[in-house]
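Colleague: Chains Y and H, in that order, give the protein sequences. Using the UniProt record's numbering, you'd call the opening residue of the first sequence number 1 and step up by one each time. Using the UniProt record's numbering, you'd call the opening residue of the second sequence number 1 and step up by one each time.
Keep in mind the hints are simulated off the structure, nothing from the lab. A few of these clues could be false.
What the hints assert, rightly or not - What the simulated footprint calls covered on chain Y by chain H, stretch by stretch (three residues with Cβ under 8 angstroms from a Cβ of chain H suffice, anywhere in the stretch; the number is not a length):
1) 169 to 182
2) 185 to 197
Stated by the list, open to error - Looking from chain H toward chain Y, a few residues come up when the C-beta cut is under 8 angstroms (computed):
3) Leu74
4) Arg98
5) Tyr126
6) Gly127
7) His153
Note that CB positions come from ideal geometry on N, CA and C, so glycine has one too.
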Amino acid sequence: MARIPVGDAVESGLQWLTDNAGGVFDAVSAVLLFTVNTVYTVLSAPLPAVLIAIFAVLMIVATRSIGLTVFTVLAFALVVSMNLWAQTLETLAVVIIAAAFSILVGVPAGILAASSARVSFVARPVLDFMQTLPVFVYLVPSVFLFGIGVVPGIAATTVFAIPPAVRLTELGIRQVDGEVLEAARAFGSRPGQVLREVQLPLALPSIMAGVNQVIMLALSMVVVAGLVGAQGLGGVVVNGVTQFNIGTAFEGGIAVVVLAIFLDRVTGALGRSGSARRRPAAALLALVRSKGRRNEPEAAPA
Amino acid sequence: MIEIRNLTKVFDLAPARARRALDSAGDRESAVRAAGGVLAVDDVSFSVGRGELFAVMGLSGSGKSTVVRMINRLVEPTAGTVSYEGADVGSMARQELRELRNRRISMVFQHFALFPHRTVRENAAYGLKARGVPKRERLERADKALDQVGLAHRGDSYPDEFSGGMKQRVGLARALTTDPDVLIMDEPFSALDPLTRRAMQEQLLELQQDLGKTIIFVTHDLNEAMRIGDRIMVMKDGRPIQLATGPEIISQPATDYVRDFVSDVDRTRGLTASTVMQDPWVTATLDERPADVLARLEKRPGACAYVTDAEGRIAGITTAEILARAVDEHKPDLGTCVHDDYAAVSGDTPVVEFCHLTGGHAAPLAVVDGAKHLVGVLPRSRVMNAIASVPEEVGERG
Chain Y
1 MARIPVGDAV ESGLQWLTDN AGGVFDAVSA VLLFTVNTVY TVLSAPLPAV
51 LIAIFAVLMI VATRSIGLTV FTVLAFALVV SMNLWAQTLE TLAVVIIAAA
101 FSILVGVPAG ILAASSARVS FVARPVLDFM QTLPVFVYLV PSVFLFGIGV
151 VPGIAATTVF AIPPAVRLTE LGIRQVDGEV LEAARAFGSR PGQVLREVQL
201 PLALPSIMAG VNQVIMLALS MVVVAGLVGA QGLGGVVVNG VTQFNIGTAF
251 EGGIAVVVLA IFLDRVTGAL GRSGSARRRP AAALLALVRS KGRRNEPEAA
301 PA
Chain H
1 MIEIRNLTKV FDLAPARARR ALDSAGDRES AVRAAGGVLA VDDVSFSVGR
51 GELFAVMGLS GSGKSTVVRM INRLVEPTAG TVSYEGADVG SMARQELREL
101 RNRRISMVFQ HFALFPHRTV RENAAYGLKA RGVPKRERLE RADKALDQVG
151 LAHRGDSYPD EFSGGMKQRV GLARALTTDP DVLIMDEPFS ALDPLTRRAM
201 QEQLLELQQD LGKTIIFVTH DLNEAMRIGD RIMVMKDGRP IQLATGPEII
251 SQPATDYVRD FVSDVDRTRG LTASTVMQDP WVTATLDERP ADVLARLEKR
301 PGACAYVTDA EGRIAGITTA EILARAVDEH KPDLGTCVHD DYAAVSGDTP
351 VVEFCHLTGG HAAPLAVVDG AKHLVGVLPR SRVMNAIASV PEEVGERG
C-alpha cells in the first residue's frame with residue numbers, strides 16, 4: 001500500500017504557518033506574555049499571608065467547610081516554607097490565563113453546538129482529537145510557532161483544556177427541560193432571551209463543572225509545559241526530575257497538589273451549590289447562622 | 001375567534017416531502033409512514049368561540065397536544081390553516097407571532113414548566129418581562145395575578161418550595177399576567193393528585209366566571225373534559241372522532257371508542273335527585289283520619305308515608321305502627337301521628353351528594369322543590385340502581 005504522507009503534510013503546513021503567519025503568532029505571543037505577567041504581578045503584590053487569607057475566604061464562601069479552610073491556610077503556609085511561593089503564583093497565573101482562554105472559546109462553542117445538531121456532529125471528532133492526541137505531539141509544534149517559554153505552554157494547555165468546556169456547556173444546555181423552553185417561547189421570548197434568561201442559567205451547574213474540569217486539565221498541563229521552558233512549578237518539577245534531585249521534584253509536586261485541591265474544591269463547590277449561587281447573600285447568612293447553632297442540622301434555608 | 005381548517009402535522013419528515021406524501025392518492029397515513037414520517041394530526045377542523053371553554057380529549061398519542069401547539073405555532077403545521085380573529089397565524093412574521101404569543105394566547109403546561117431559578121413572582125411576571133414592561137409594573141401585575149389564583153404573599157418563594165397544585169397556580173398566574181384573550185391549557189391538572197385536581201378544576205371554573213377568557217383545555221380524562229368543557233372534541237390517532245357537548249357525548253357516543261370512554265365516566269354526575277326519584281307510594285294530608293291512612297298503608301307492612309299540609313309541604317312522616325296505635329286510642333288528628341325522622345333534598349342535588357343519606361332513616365329520602373313541596377321520594381334501592389344503570393338510561397332521563 002502506498003504511503004500517505006500525513007506527516008509531511010503536517011510539517012509543510014507548520015512551515016507554511018511560520019513563514020506566512022509568523023507575525024500573527026509573535027503578536028499573540030506578546031499579548032499572552034503580557035497578560036500572564038500582569039496576572040502574576042497582581043498575585044505577587046500582596047504579602048503571602050494576605051493572599052493566603054484571601055484564598056481562605058474564597059474557600060469558606062464557596063464550600064462553607066471549616067476543614068477545607070484550615071487545610072487551605074496550612075497547605076499554602078507549607079508552600080511558602082518550601083520557598084515555592086513565587087513559582088506557585090507563576091503556575092497559578094498560567095492556569096488562570098489558560099483556563100480563561102479555554103472558557104472564552106469553549107463556552108460559546110458549546111452554546112453553538114447545543115443549538116445546532118450539525119455543529120455538534122462536526123465538533124465531536126474535533127474535540128476527541130484535541131483531547132486524545134498525545135500532549136507532546138502538539139507541545140513541540142507550539143514551540144515552533146511561539147518559541148521557548150511560557151507561551152507555548154499556555155497554547156498547548158488551552159487546546160487541551162477546551163474540550164470539557166465545550167462538552168459540558170452543550171450537555172448542560174441540552175439538558176434544560178424541554179417544557180420549560182417551550183414555556184419561554186410560548187410567552188413570546190426571542191431566541192436570545194431564551195438563551196440568556198433560561199438556557200444559560202439552568203445550564204450553569206453543568207457549565208461550572210466544565211470550568212472545574214478546564215482548570216484541573218490546565219493545571220496538569222502546566223507541569224508538562226515546564227518541559228518547553230515554562231517556569232513555575234512545572235520548571236521546578238522538571239529540573240528536579242532531570243537532575244535526579246528527588247527532594248526538589250517532590251516539593252514541586254506537593255505544591256502542585258495543594259494548588260490542585262484548592263482550585264478543585266473552590267470551583268467544584270461553585271458548580272454544585274445552586275442555591276448559594278442563586279442567593280449569595282442568603283448563603284452567607286446561612287453560613288453565619290449554621291456556625292451559631294451547629295447542633296441543628298439543616299438550619300440553613302435551601 | 002379561532003378557526004382551524006384541515007390542520008395536519010407530519011413529524012420526522014421535511015415539510016416538502018411530507019406534503020407530497022399527504023397529496024398522494026389513497027391512505028394518507030400509510031403514505032406518510034412509507035415515506036418515513038409520523039402522521040400526528042390528520043385533517044382537524046374546528047372553531048372556538050369567544051369565551052368558550054373548549055376541551056380537547058384524547059389518550060396519549062392522539063395528537064391533542066400537537067393540535068393546540070399548532071395554534072400558537074410552537075409546532076409548525078404541515079398543512080392547514082389557523083386563523084385568529086380573522087388573521088392567518090401561519091403567515092405571521094416572527095415579530096407578529098411573538099406579539100400573538102405574548103399578548104393574545106397564553107399557555108399552561110402539564111408539568112408546570114416554571115423557571116426554577118426565578119422566584120414565583122418573577123415566574124408570574126415572565127410574559128411581561130419578555131414584553132419589556134418595566135420591572136416595578138410587571139412585578140405589581142404579577143402580584144395581582146398571584147392574588148387571583150390564591151397565592152398572595154407567596155411571591156418571594158421559589159417554585160421548588162411549592163406543592164404540585166401550588167406550582168400549577170403559579171403557571172396559571174403566569175398565563176394570566178399578560179392578560180391574554182386565549183388560554184391554552186395542555187393537561188394542566190394531569191400531574192396533580194385527584195383531590196388537588198378537583199380543587200383546581202373548581203378554581204378554574206370560578207376564575208372563568210370572572211374572567212371570561214377563551215380556554216382551550218387539553219385532557220386525557222373524559223370526566224374532566226365534561227366538568228370543564230362547554231364542548232368536547234374527542235381525538236384518536238390524530239383525527240377528531242366526535243365534537244359535541246358533554247351530555248350529547250354521553251347520550252350519543254359517535255363510535256364504540258367513545259362509548260368505551262363514556263362507560264368510564266362517573267355516571268352519578270349526570271344524575272340528580274329529580275332524575276332518579278319516583279312518586280311516593282302513599283301520601284296523606286293532615287286533614288285525613290288516621291284510620292283511612294292506615295287502610296291505605298296496611299298493604300305494606302312496616303311502610304311509612306309522608307304527611308303533607310294543605311299546600312303540599314311536608315309536615316312529617318308517619319308509620320303503620322303509629323297509625324295503628326292512634327286508631328286504638330281513638331285519636332282523630334293525624335297531626336299527632338307524625339314525627340320528623342326523615343331527610344329531604346332538593347330536586348337538582350346530584351346523586352353523589354345525597355347517596356350517603358339514603359339508609360340513614362327508615363323512610364326513603366324526600367325530594368322537594370323550591371317551595372318545599374313534596375315532589376317525589378328516593379328509596380335506597382332506586383338510588384343504587386340508578387348509580388349502576390347504563391348510560392343510555394341517564395341520557396333518556398337527563
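Colleague: Could you run down the list of hints and mark each one as holding or not?
Modeller: A quick look at each hint next to the structure:
{"no.": "1", "hint": "169 to 182", "verdict": "holds (count 4)"}
{"no.": "2", "hint": "185 to 197", "verdict": "holds (count 8)"}
{"no.": "3", "hint": "Leu74", "verdict": "6 angstroms, holds"}
{"no.": "4", "hint": "Arg98", "verdict": "4 angstroms, holds"}
{"no.": "5", "hint": "Tyr126", "verdict": "6 angstroms, holds"}
{"no.": "6", "hint": "Gly127", "verdict": "4 angstroms, holds"}
{"no.": "7", "hint": "His153", "verdict": "17 angstroms, violated"}
In this structure, only the earlier hint numbered 7 is contradicted, and the remaining ones agree with it.
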